[in-house]
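Each chain is listed here by its residues.
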Amino acid sequence: MEEIRYKKVLFNNEQILARVDELGKQISKDYAGKELVILGVLKGSLFFFTDLARAIDIPLQLDMIAIGNIPDMTKSTGIVRITKDVDINITGKHVIVVEDIIRTGLTTAYLLQTLEARKPSSIEVCTLLYNPERQLIDLPVKYYGFEVDRSWLIGYGMDSGEYGRNLPFIAELEH
Amino acid sequence: MSIITISRQMGSLGDEVAGALSSKLGWDLITRDLLMERFFPDIRPEQRTRLGESAKFYLSEYKDGKTFKDTLSESLLSMAKESSAVLLGFGSQLLFSGSENAIHVRIVASDDVRLSRVQKQFHLSETAASELLSSTDRKHKRFVSHVFGKDSTDVSLYHLVLNTSYMSVDECVAAILAAFREHELRVRITSETKNEGAIDHQTDRPVFKNASEAEFAKILDMYHIDWKYEPKTFPVEWDSEGNVTLAFSPDFYLTRFDTYLELTTMNQKYVTKKNRKLKKVKELYPGISIKIVYKKDFLELAERLKAFGSPDPGNEQEE
Numbered sequence: 001m002e003e004i005r006y007k008k009v010l011f012n013n014e015q016i017l018a019r020v021d022e023l024g025k026q027i028s029k030d031y032a033g034k035e036l037v038i039l040g041v042l043k044g045s046l047f048f049f050t051d052l053a054r055a056i057d058i059p060l061q062l063d064m065i066a067i068g069n070i071p072d073m074t075k076s077t078g079i080v081r082i083t084k085d086v087d088i089n090i091t092g093k094h095v096i097v098v099e100d101i102i103r104t105g106l107t108t109a110y111l112l113q114t115l116e117a118r119k120p121s122s123i124e125v126c127t128l129l130y131n132p133e134r135q136l137i138d139l140p141v142k143y144y145g146f147e148v149d150r151s152w153l154i155g156y157g158m159d160s161g162e163y164g165r166n167l168p169f170i171a172e173l174e175h
Numbered sequence: 001m002s003i004i005t006i007s008r009q010m011g012s013l014g015d016e017v018a019g020a021l022s023s024k025l026g027w028d029l030i031t032r033d034l035l036m037e038r039f040f041p042d043i044r045p046e047q048r049t050r051l052g053e054s055a056k057f058y059l060s061e062y063k064d065g066k067t068f069k070d071t072l073s074e075s076l077l078s079m080a081k082e083s084s085a086v087l088l089g090f091g092s093q094l095l096f097s098g099s100e101n102a103i104h105v106r107i108v109a110s111d112d113v114r115l116s117r118v119q120k121q122f123h124l125s126e127t128a129a130s131e132l133l134s135s136t137d138r139k140h141k142r143f144v145s146h147v148f149g150k151d152s153t154d155v156s157l158y159h160l161v162l163n164t165s166y167m168s169v170d171e172c173v174a175a176i177l178a179a180f181r182e183h184e185l186r187v188r189i190t191s192e193t194k195n196e197g198a199i200d201h202q203t204d205r206p207v208f209k210n211a212s213e214a215e216f217a218k219i220l221d222m223y224h225i226d227w228k229y230e231p232k233t234f235p236v237e238w239d240s241e242g243n244v245t246l247a248f249s250p251d252f253y254l255t256r257f258d259t260y261l262e263l264t265t266m267n268q269k270y271v272t273k274k275n276r277k278l279k280k281v282k283e284l285y286p287g288i289s290i291k292i293v294y295k296k297d298f299l300e301l302a303e304r305l306k307a308f309g310s311p312d313p314g315n316e317q318e319e
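Those protein sequences? They're chains E and U, same order as listed. Take 1 as the starting number for the first sequence in the working numbering and just add one per residue. Take 1 as the starting number for the second sequence in the working numbering and just add one per residue.
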């Protein structure tokens, strides 16, 4: 077991929940009367996703999606693939992809490409943490919780070597 | 709108390819019969017969001082402005020879294969089938040569020549669609900054300047993100005579995200210089999205690429 050493807490649990609540209210307002599906990206968005889902007070369907690195025998490098797909039908529905953090945006771009092929009515991104400066691809980030810089973060779903996801706050790691 | 022309040998299954292609794309299939109905509504039966028999007759007057050929060209060109279509035969590859929105395909097969297909199709003896093939080949060739002054068997008229001795109709359709989509993309990239004077070199052979670029291409592949390498150069400074003195060629273009990426693995001094250049590009070419991939991000992504295939892919944050 690894001891988690972090520099400082950036967002405590109260701050996070207050912001999540605001996002939930905004989404409820924007998607009223629409068929909404929210998709959480495993594992980082786990807690943000469950808190956000409960902060939205309109009918919705939810599902989770996971992507992983799978070695490709035909190439020297592997490729990114969906390892747990969406089980519900998203065609013709309004989809929000829920992420913990968006940095370069390549993973999210891959996800959106894949989901768009299933012809949802609309597809937007809601991320808890966001660094627009590092983003290489313009993604439809309609909602975000907080802007962050380049530092390494842990807690509230985010890990360091799989540890630290259960911390109720978000802290900056010593790196 | 877009045009795909299909020129074919008899017995090459070119009609089948054209039919399957048009239904796959949802475009009209324009055949000779349809042309006659649509563009020559008041043609007399004897004129129609003569058109079928004599290529030279296309150069005679149809009405209002216009020849059949002129009427055909004008009607097809104006149709192409309104809707996309697959055009089968009648020298359409030459009517649209200069058009960047058109690709020209020739469907062929070996003599043996064609012979056996024609024999089967028309229940003919080998000799009769062979005669039918050579007379039809001669007729096709004569039509294009009389009406357009070109040799329809000249492969340089076509983007793609497909041989159904070795490929099925489905394989041909898939090959044409793939070529068409790539071509359409290149035309789109070219046209986007046409008026602002960007230099297009998409038809050059891409050669990576350094190992980092090759590695970054692998990273994009890993995320299934389609890219083109250095498709364009954006001039940003000119001397008093109008010669380009400073230009910017972003390393990658992400086709689905309409974004150019410039990789930088250099130290901060050069990055600042690059940023200044980038600012100028943005001023001169508004509407173009260009982003810089900084050293730190590149290294993190490269690290992730290396980690691939290992049982523990590591921290999800290393995006």
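In case anyone wonders, no lab produced these hints; they're calculated from the structure. Predicted model, so just to flag it, every value in this text is computed and none were measured. Misleading hints may appear alongside valid ones.
[Claimed, not checked] Below, simulated DSS-like cross-link-like pairs (lysine-lysine); rule was C-alpha separation at most 25 Å, straight line:
(1) Lys34(E) with Lys142(E)
(2) Lys150(U) with Lys228(U)
(3) Lys66(U) with Lys120(U)
(4) Lys296(U) with Lys8(E)
(5) Lys269(U) with Lys280(U)
(6) Lys84(E) with Lys141(U)
(7) Lys280(U) with Lys84(E)
(8) Lys56(U) with Lys69(U)
(9) Lys7(E) with Lys306(U)
(10) Lys277(U) with Lys295(U)
(11) Lys24(U) with Lys119(E)
(12) Lys84(E) with Lys8(E)
(13) Lys84(E) with Lys29(E)
(14) Lys218(U) with Lys280(U)
(15) Lys218(U) with Lys295(U)
(16) Lys24(U) with Lys43(E)
(17) Lys277(U) with Lys296(U)
(18) Lys56(U) with Lys120(U)
Do the hints match the structure? See the list:
1. Lys34(E) with Lys142(E): Distance of about 16 Å is within 25 Å: holds.
2. Lys150(U) with Lys228(U): violated (35 Å)
3. Lys66(U) with Lys120(U): violated (42 Å)
4. Lys296(U) with Lys8(E): holds (22 Å)
5. Lys269(U) with Lys280(U): holds (18 Å)
6. Lys84(E) with Lys141(U): violated (58 Å)
7. Lys280(U) with Lys84(E): Distance of about 44 Å is beyond 25 Å: violated.
8. Lys56(U) with Lys69(U): holds (10 Å)
9. Lys7(E) with Lys306(U): Between Lys7(E) and Lys306(U) the Cα gap is close to 28 Å, so the pair fails against 25 Å, i.e. violated.
10. Lys277(U) with Lys295(U): holds (18 Å)
11. Lys24(U) with Lys119(E): holds (19 Å)
12. Lys84(E) with Lys8(E): Violated, at about 34 Å.
13. Lys84(E) with Lys29(E): Distance of about 30 Å is beyond 25 Å: violated.
14. Lys218(U) with Lys280(U): Measuring from Cα to Cα gives roughly 29 Å; hence the hint is violated.
15. Lys218(U) with Lys295(U): holds (16 Å)
16. Lys24(U) with Lys43(E): Violated, at roughly 40 Å.
17. Lys277(U) with Lys296(U): holds (20 Å)
18. Lys56(U) with Lys120(U): violated (32 Å)
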